[in-house]
Amino acid sequence: MNQIIDIAAHPLSIGERVALLKVRDLTLEFQTRSGVVHALEDVSFELYKGETLGLVGESGSGKSVLSYAILRILDAAGRITAGSIEFGGMDLLRARESDMQELRGRELAMIFQNPRVALNPIRAVGKQIEDVLKHHAPLRDQDLKSRAIALLQQVRIADPERRYHAYPFEMSGGQCQRVMIAIALACSPALLIADEPTTGLDVTTQAAIMDLVQDLGRARQMATLLITHDLGLAAQYCDRIVVMHAGHVVESAPKREILRMPRHPYTAKLIGSIPHGAGTLRELTAIPGNLPDLRRGNLPPCRYRDRCDRSLDLCDTRPLARLDDGNHMVACWNPQ
Amino acid sequence: MTTATIAAAPKPISHFRYVVSENPVTAFAFALFGLFVLLVIFGPAIAPYDPLYTDNAVAMHPPMKGHWFGTDSVGRDILSRVIVATRLDFGIALAAVALSFAIGCALGCCAGYFGGWTDRIVSRISDTIMAFPLFVLAMGIVAALGNTVGNIVLATAIINLPFYIRVARAEVNVRRNAGFVEAARLSGNTDTRILLRHLFPNILPPTMVQVSLNMGWAILNAAGLSFIGLGVRPPQAEWGIMVAEGAQYIVSGEWWVALFPGAVLMLAVFCFNLLGDGLRDLIDPRRRT
Amino acid sequence: MNAHAQPLLAVDHLVKKYAVSAQSALPWPKKAAPSSFLHAVDDVSLAIAHGESVGLVGESGCGKSTLARLIARLIDPTSGAVVFCGQDIGATPAMAFARDPLRGSVQVVFQDPTDSLNPRYSAADTIGEPLLLLGNMGDAAARAERIAELADWVGLARELLTRFPHQLSGGQKARVGIARAIALSPKLLILDEPTAALDVSVQALILNLLADLRDKLGMSYLFVSHDLHVVRLLCHRVIVMYLGKVIESGPTDAIFRAPKHPYTEALIAAIPDIDKARGAPGLPGEPQSPIDPPPTQCRFASRCSRVHDRCRTEYPTLRSVGVAHEAACHLAEEASG
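Residue numbers (the working numbering), protein chains in the order written: chain X, 861 to 1196; chain Y, 26 to 314; chain W, 26 to 362.
The shape of chain X in the complex, shown without the other chains:
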């Protein structure tokens, strides 16, 4: 615990990279009545202090499940069968639940999609912010209130004294998301996980929210894990991008590299399917086939193999590749 606080408080000097979160070979499955779902397999990545990492993938890629695993809020049917998650040197998988409760909200925070649904509908937003503060920092009542109002101001909500008393249904989607950000950042966490924070919001609100998260993150040298299906969004706001497909990490690289030179065929197709880049409809690439059924016992080592137009024979026989030059990792035997 103290280790984490030390790392979180440590101001970075130029060019310094401190690994805050290390996920190694994480393998996770769900017991369901129709079989065991192999949700994640050998997932590895690192997140550095002050950095924004984008976790990009479509629905079913396992990105949300990964975030729940980090926070240890997985569904009861989920089991981690291999791998490790280290946060500031602390092994999260072996930590006690009481330690996790200490961490959540204080050093590890999360914001969710559908902000209006994620907030408590029958409690004023100011009170919800105070709840987090109360849990982690004993303060007097009037201090709590002024901290909450200050936080509302920081997240750029107009008229924060009045909004303190408002209920979620009285606020727009964008405002609710700002409140969630206020709750998440109330105790200045070292790591913020943002799970599709702008899905469902208008495009102009989306930009405002992401700018806010970026600004607040930079001011606190906070690490951000941005989970999204929107590659364009990740491209704009992230320093590095990790692409996931069907529970595997298929590529991971700094933003510019991955967009200019995607090496995994899936990444390339994903980039091609963004309407922004295309000149005409025909240029939009579609990704053929469907996600493999993750309940199958005989999944090939590369789960993209059946949809891939560059597959080789050895994709069936050799275990999943991991070609890594330290900067750019691609899990493919035949990268572009």
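It is worth saying that the hints were derived from the structure and are not from the lab.
Note that beta-carbon positions come from the ideal geometry of N, C-alpha and C, so glycine has one too.
Mixed in with the good hints, there may be bad ones.
Stated by the list, open to error - Derived DEER-like restraints, expressed as beta-carbon distance ranges:
(1) X:Thr1140 with W:Ala116: 32 to 42 Å
(2) X:Ala937 with W:Ser70: 13 to 23 Å
(3) W:Val332 with X:Arg939: 49 to 59 Å
Starting from the known structure of chain X, fit chains Y and W onto it as the hints suggest.
For chains Y and W alone, kept in the frame of chain X given last:
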């Protein structure tokens, strides 16, 4: 998580087996229900004695070989009477619930869908019924209309209306602006058709739970009315009457006259309560995979 | 592009207002007429030619969905006309329009494929219903044939026709919705964010499908979306709405290359761009209230970076700023004239 490769629809029987296997309580409820259905159908045939046959020689005998539930004050076999009463009690309850369901759902659906005056009138009717202590209201209806089994059915149906009206109205209200209702309008559906073919089938799952709970309650209601002397008349075999007859003998130690009909009554109500959830699982297509 | 002189659809000064005064529990005594109205659609006029695809963009609360529903005759206008194929279909109440002979010619593809399919209807049932009710196809065999044909057109495998919505993937459900909408070969197809709920990999397929169908069946599209880039790929013209009003309209190219209204600019700038380090600042604040907006003011004034006095004293009407290009901004007028 999306599972993109989705299997074809499982057959109804394997789904039934799945529902039953997942929840042993539901399995028990279905088994018990099956037993009751058998009694309803074959009751009179399998009862060891004629339920109306009196034999003073064996009056007030505790349970013994040949009379497994004992005999009552005029020597009738209690087991036989309990078995035969199943048909009557279930019949009353089924008729009452069916009537209540049909009228209540129709009213509730219209109220939920059209709103406005329809909603106001139906809701006030419902509120008026609910303002009375329901059992007292049933008593009053039977007393006013005449002391027959038919009127018990009617009374039970009337006091049950508000529950169906409420459930139907709420469920229709929620779905009234759903995408598929708008799409149905675009496909040329009139309001009537939307109510009948789009909304009603989709409100069945929650209503089914209500129906099952209601069956139990209706049986209890019918038995209760008979217990106080309304509706079914002696010497007909009916659980409520039998409990009434046996009540006077409990103090003097002849416990079996009231206990067995009471216990079977309790089992029947219990069975329907458990059945509600199982029925909903069966009917709701979303739960089918 | 069209051989017809008259537009397929002409919307004329369409208004939809919702009363928002407090409701009393009793229907009488009636309160004085409610004084507050929510202006969902405020004096909108537009036209769609045969075979033309028009995009309708704007953010939540701008009224585009309401406008789409008015044109689709799912709700009734407060005032104004909706003239389709020469007839004022706005005059027929929404409830009665279900049986109108023109019903099959105006259809909608909905945003959420899950919500827009009856969970108890199989795919075949869903697609076949308009054929049965409006297409005079009482014969089950004829219907089945047509359903199969439609399934082929939208790329839905025939064996999926017996499945229920919960057994279909998002893309498959979207195809069922499209098949249902085109079953009667409508002249005007209104698409309400048809790919918003779909994965990006499926989006490309569905968009290309929509383009192909349009060409094949000669339909006009009204494509409602908040995603400007999708609109750019599919539409000939774009109409931008804000708080119930049309604030800009013109050819797609012109709108994207040279937007004339500050809101349109902000909208285009807000879309995440791979090449930008940081987006243009999002619009500050929130849209003003749509309830009783002051009529002598530009509705965007409170958030506009280029606002000046005239914007608060005079409502900017739509004026021409280019070839078939209009914008409702005082600045735009000054710039081009």
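Against the structure, the hints:
1. X:Thr1140 with W:Ala116: 32 to 42 Å: Hint holds: Cβ distance 40 Å, inside 32 to 42 Å.
2. X:Ala937 with W:Ser70: 13 to 23 Å: Since the Cβ atoms of Ala937 of chain X and Ser70 of chain W sit about 56 Å apart, the hinted range of 13 to 23 Å is violated.
3. W:Val332 with X:Arg939: 49 to 59 Å: holds (58 Å)
Of the numbered hints stated above, the single one contradicted by the structure is hint 2.
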